[in-house]
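> Chain A is already provided as a structure; the job is to place chain B on it using the hints.
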Amino acid sequence: MELIKIVPDFIITKNVRNFNVAMDYLAMAEGEGRLGIVYGEAGLGKSRAATKWHADNPSIYVRACEAWDTSPTDYLKEICKELLIRPAPKRKGACFSAAVDSLLKTPRTVIIDELEKLPPRFLEITRDLSDLSLTAIVLIGEYELLSYMDQNSRVWSRTYQGVEFKPVEIADIMMYVKKSTGGRIVLKEECASVLHTKLGGNFRLARRTLLHLVQDCNAKKTSDVTVEMIKIAFNAAYTGRKNK
Amino acid sequence: MSNKWHTGLTPAAREVMKKLGRFRTQDIVDGLGSMIQTYKDRRRIKKAIYDCRKRGEITRTERGLYEYVGKMKPPELQEKMWKVLRAKRSVEKEDLQELAGTSESYAYEWLQMLARNGVVRHLDNGRWQMIYDPVEMPLNKEKTQRLRGRRLKNKEAAIAALAKAMQAIEEAKTAISGLKE
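Residue numbers (our numbering), protein chains in the order written: chain A, 2 to 245; chain B, 7 to 187.
The following block holds chain A by itself, in its conformation from the complex (with noise of 0.2 angstroms):
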């Protein structure tokens, strides 16, 4: 039999055609600030979506780090760095009145990732950005960001579009393994409850489960996959250690 192998091939989940049709929607309603969130759980492929958006849009990916907690200055300064601003301004007003003249002349969309690891303030910042640069920011996070929204009625009022990312259903991994494998392997109904179930709705963990159930298919050398393999498949994925 001849190998099976992976291909790697992004495949549009029922999430990630939720988070193009509103990142269509946030483009058509330019000309003034708006903002977009995306939220979900850990694992269900929010940042990989927002990547390929990303990798194929003119928009621009600022993931925040804890470490600007303090410092409205450094998000700032990050932000006019991906706008390609050199030298970035040293005070904050210059920083953002900088970044705000960048995004007025080239119109790019923001895509901020974790912001709700950052104060409450920095919402501010970011409301503030996207009403005067007139573009639209997209923030990325886990279910805090609700929260860390609701504080601020006005960021609300300006939230256009909310996209929540859920557990991927059965379909989408048969799918996934499906086009994943060249349609090498398709699984059955019973398997892909039982995957479905282990996973609990966890994308990361059903590509890594993946990896090792090619690799014991080919050990194997079948494209028949039972409800054994699946599990230990899963068991090595996600303990690191196989059937264990």
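FYI, nobody ran anything at the bench for these hints, they're computed from the structure.
It cannot be assumed that every hint is accurate.
Stated by the list, open to error - With a straight-line cut-off of 30 angstroms between C-alpha atoms, the simulated DSSO-like cross-links for lysine-lysine are: (1) K52(B) <-> K180(A); (2) K106(A) <-> K24(B); (3) K93(A) <-> K94(B); (4) K53(B) <-> K99(B); (5) K94(B) <-> K199(A); (6) K24(B) <-> K82(A); (7) K15(A) <-> K99(B); (8) K53(B) <-> K15(A); (9) K167(A) <-> K199(A).
These figures come from a predicted structure and were not determined experimentally.
For chain B alone, coordinates are given in the frame of chain A:
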């Protein structure tokens, strides 16, 4: 393939948009003249404007008034890979294939170029880790030069072949005229 949907209206409308800069739907209809004869054609123009706006080619300055800003060039593969690398900081070839849509060999070649320029380093587990962030994308100068050299060589070969062919034609003409005489 059926050509039902390829009416050529959008490219023609784009030309008019470029010429006018700021325009209303009626201006495009007037600009296209005899191409727009029915209400259906007019609806197609509205659809073309909607599509152009969605693509970012035109912006709406006020109700019913649009401005042509130009066709956005889709990001090149290298640019996509660069964005993915900067966002993730540490990638595998497969990440670039999945998120930037490149081939395995091109992703590997590009990462090797970055490694030679001291931007990334190759780890034992197959990952490529960013060690220096120049913000702007480093260009593959060696490859550009190599390709330029190859193109120049091909051009020279084509010119030489053309000269040879011309000489052969001249010789043939001379021979034919010799025969006639």
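> Next step is simple, just say for each hint if it's right about the structure.
Evaluated hints:
1. Distance check on the hinted pair: K52(B) and K180(A) sit about 38 angstroms apart at the alpha-carbon level, beyond 30 angstroms; violated.
2. Between K106(A) and K24(B) the alpha-carbon distance is near 20 angstroms, which keeps this suggested pair within the 30 angstroms criterion.
3. Simply put, K93(A) and K94(B) have alpha-carbon atoms about 27 angstroms apart, close enough for the 30 angstroms limit, and the pair holds.
4. Between K53(B) and K99(B) the alpha-carbon distance is near 40 angstroms, which puts this suggested pair outside the 30 angstroms criterion.
5. Under the criterion of a C-alpha separation no larger than 30 angstroms, the hint pairing K94(B) with K199(A) is consistent with the structure, at around 27 angstroms.
6. For the given pair, K24(B) sits about 33 angstroms from K82(A) by alpha-carbon distance, which is inconsistent with the 30 angstroms threshold.
7. Restraint check for K15(A) and K99(B): satisfied, since their Cα atoms lie roughly 25 angstroms apart, inside the 30 angstroms limit.
8. Under the criterion of a C-alpha separation no larger than 30 angstroms, the hint pairing K53(B) with K15(A) is consistent with the structure, at around 28 angstroms.
9. The suggested pairing of K167(A) with K199(A) holds, with an alpha-carbon distance near 16 angstroms, which does not exceed 30 angstroms.
Hint compliance for this structure: hints 1, 4, 6 are not met, and every other hint is.
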